[in-house]
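Trainee: When you get a sec, could you build the whole thing from the sequences and use the hints?
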Amino acid sequence: MPQPDAPDGADARRLDALLEQVATQDRDAFEALYQQAGGRLFAICLRLLRDRGEAEDVLQEVFVTVWHKASRFDPGKASAMTWLSMLARNRSIDRLRAAPPRALDDVSIAEELPDGDLQPAQLAERNDEDARLQDCMQALEPRRRSLIRAAFLDGASHDELARRLATPLGTVKSWIRRGLTQLRVCLEP
Amino acid sequence: MNIRDLHHEDGQPPSADQQAGEYVLGVLDAAQRREAEQRISSDAAFARLVDQWEQRLAPLLEEVGSAPVPAHVWLRVRRELGWATFDTAPNARPWQRTGFWQGATALAAALALVAVFTRPAPDAPVPTPVAVTPAPTPAVEPEQATRPVTPLLHDDGRAGWLASVDATLGKVLMVPVPSAPDAQGRAPELWVIPAGGAPVSLGLVSNDRAHTVDVPAALRSALVNGSVLAITLEPSAGAPHPAPSGPVVAKGDIANL
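In order, the protein sequence lines correspond to chains A and G. Quick note on this note's numbering: the first sequence kicks off at 2 and runs consecutively. Quick note on this note's numbering: the second sequence kicks off at 565 and runs consecutively.
These are computed hints drawn from the structure, not numbers from a lab. These numbers were taken from a predicted model, which means no experiment stands behind them. Positions of the beta carbon are idealized from the N, C-alpha and C atoms, including for glycine. Do not rely on the hints blindly, as some may be mistaken.
[What the hints assert, rightly or not] Ranges of calculated distance between the beta carbons of each label pair, as one might list FRET restraints:
{"no.": "1", "chain 1": "G", "residue 1": "P577", "chain 2": "A", "residue 2": "A18", "range": "39 to 47 angstroms"}
{"no.": "2", "chain 1": "A", "residue 1": "D75", "chain 2": "G", "residue 2": "G790", "range": "49 to 57 angstroms"}
{"no.": "3", "chain 1": "A", "residue 1": "R51", "chain 2": "G", "residue 2": "A608", "range": "33 to 41 angstroms"}
Mentor: See the structure below:
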């Protein structure tokens, strides 16, 4: 199955074209989009929700939304994969926030969380955009880096992070905001 | 602004850029997310900041990778969009000339139902159908307490799916013996083949999840003893297909209805 593993390559452009076809209500393009992007979107939902049934529900919701709202996709702003991924993330996080707070054990952060060091093979394959982000993530203080990773990849909220770290909410927010600002400055051209 | 923000270390409210970053990062609670979304639709500058954060952080998702895409979710998407899960295509019947399906029917009929229960699986780790039989029964359970099960067998006699047919309600519960997705990305498609007739698609099925297939009213008459259920591997695009194009991977004859 073709996977758009290289977002800067031909796969990415094909995905952009498919999404633009979906905006014209092309059902065949929509099915092809499901085949080519569904696996990555499903992985994002699974990672955030940690429940197969919930992840399937959200994946369904995401594709129904894609069918209705594909015309909002602007290839000048983002790649199709980024647009779709953010839609999947947002729907997954909305579902997480609508549910009762998760047990603390389900929110992995800080010391237990891998800090995102890449293996040599991954280093060789990563594209420029990815490389810059990884370098800037590595430049963050480890605590800020862990918090940002836990939030972005595992869907942890401010409250969950504060409870888990047994740290006042305001302090956790402040750490994250400083981390974000440091990241933006580092990534500025 | 949350009252608790007054107590954070800096004593300064977050900048618009930090708020956009927090939204994309996903740390906000439900109410704060709704506020941020309203601001995205009403404040173009804020929306741009959100776009920029999405661009910046998206590469982190590379490490999440990909998971096998569940075929039955595609069926649910189609259903929710109100698309027919079955398209009649009476003029597309080239397979009738090939004789292949008649052969397949005869072969399937020759495979006695009991074979799978008596013959041990040649290579062990595949669960026997007996172990998989107590499948969840559909929620809609009328007067009938039990229902026969049709094993759909691979060529080597192992069961690939168990089908439980409810001809009255027009439903077929498909329980797969979980298997790896097709390396070429094709999806399993279920066909019903009336005795002496041509295969008609019932749509895609899952290779690892039990689910119910709705059979259109016009096809329910085919859910009778003597008909064959078969699975072929097909491109997911365009399903249900007017005719099978891929290899038959499992089949079984409906019996004991």
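Trainee: Take the hints in turn and mark each one as holding or not.
Mentor: Structure-based check of each hint:
1. G/P577 with A/A18: 39 to 47 angstroms: holds, 43 angstroms
2. A/D75 with G/G790: 49 to 57 angstroms: holds, 56 angstroms
3. A/R51 with G/A608: 33 to 41 angstroms: Roughly 36 angstroms apart at Cβ, these two residues keep to the hinted range, so it holds.
In summary, this structure violates none of the numbered hints.
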